[in-house]
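Visitor: Start counting the sequence shown at 1; every next residue gets the next number (our numbering).
Accuracy of the hints is not assured; some may be wrong.
[Unchecked claim] Derived DSSO-like pairs (lysine-lysine); straight-line CA-CA distance at most 30 Å:
hint, residue 1, residue 2
1, K68, K128
2, K323, K313
3, K241, K79
4, K254, K303
5, K140, K303
If you are wondering where the hints come from, they were derived from the structure by calculation, not from laboratory data. Being a predicted model, the structure only gives us computed values, none of them experimental.
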Amino acid sequence: MSFERYSKGYFDPRTLYQIDSLYAWKNGLYFPPVVVEINPTSACNQKCRYCYVAGRTSGTMDDALLLKLMSQLSHAGVKAVVFQGAGEPLLQKALPDSIEIGAKKGLAMSLTTNGILLNKEMQERILKHLTYVKFSNLDKNTQRYAYDHGCPEKQWESLIDNIKNAVATREEHDLQILFLATVYLTKKSFHDAYNILKYLKELGIDYVSIQEAVPNEYSYSGKEPLASSYFTEYEINDMKKKVLTLKDEDFFVKVRFPLTDSTFTNGRFADCWVNNWCQGIKFNTVIDTDGEVYPCFRYWGEKEFSYGNLHEKSFEDIWKGEKRKEIEEYTNKTPPKGDECSTCNVTKINDILHNIRDAEKRRWRDFLI
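With the sequences and hints as input, model every part of the structure.
Guide: Structure, rendered in structure tokens:
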């Protein structure tokens, strides 16, 4: 399967296909979020050193709520669901059932996982219903993986077996699913970047994002210097040049190392938050294990910033509520206390949205070239 042919536009930051939502946004009309991220459980079978949400939330979503939620989201007009969060989603026993219900309701779905529990039996149930599976922080070195993930070395072996089986299953059944991975380069793994990506390419991974972790006060490692601070600009550019030689139509590589060119001051990246900039929270929202609906991970576990609770109201009623509007306004006028925005995927949506909004000012806006 050609990665470029299947994924054309999906990973292109210049493209956003949600025309109806964009029209409503530009004209101040109501619209549901395009994507909802669900945290099925905060339990995890690993203790990753650089986890930036460890301890910020707890518990496991009630089975009945998770199953009911698929129907609610579909009814509200949500188009896609991402199962990820502050733990390992596959530890929520009702997750396979909810994915099957979501498929029947027409929801596009994806899963972010460490992959340890994605065994053959699980794959047979859910792979056919998913758009992509994203594996968290892969490595080719067993000892290094175990250290970074705070887990036994045998988990790495299970992970690799599961990835191999998933790739084989995709080929056997001609499944239209992509396998993504993140690689957090550290001081120890930086010089092995090319070999790591070469190994992942050989495994059958389609898309790899090279990043660096941003340890914070919640991380098991504690706050640490960014990995990029240990290397010269020449070394970083040389690494990028080498890993990008692996890119082809079946294997895509994105390098976000260093994470940003921003100045790291006062405990956060100075330009990750801009007044009245974050419009992405209107298109993307997150649901915690206890049913609280939040704008983004910035407020994870802080109930005073919840739009509402799904045990009390339906998702649609919460999204149409006045409290959501109030918290959106607060979010856009109040900078975060820490570096939450530097690790938030909503920042990517903001870039797209503001490019679209600014297009009205461009002289070339009416030409197709």
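Visitor: For every hint, state whether the structure bears it out.
Guide: Here's how the hints hold up against the structure:
1. K68 with K128: This hinted pair holds, its Cα atoms lying about 21 Å apart.
2. K323 with K313: 13 Å, holds
3. K241 with K79: 37 Å, violated
4. K254 with K303: 35 Å, violated
5. K140 with K303: 40 Å, violated
Of the numbered hints given earlier, the model fails hints 3, 4 and 5; all others are met.
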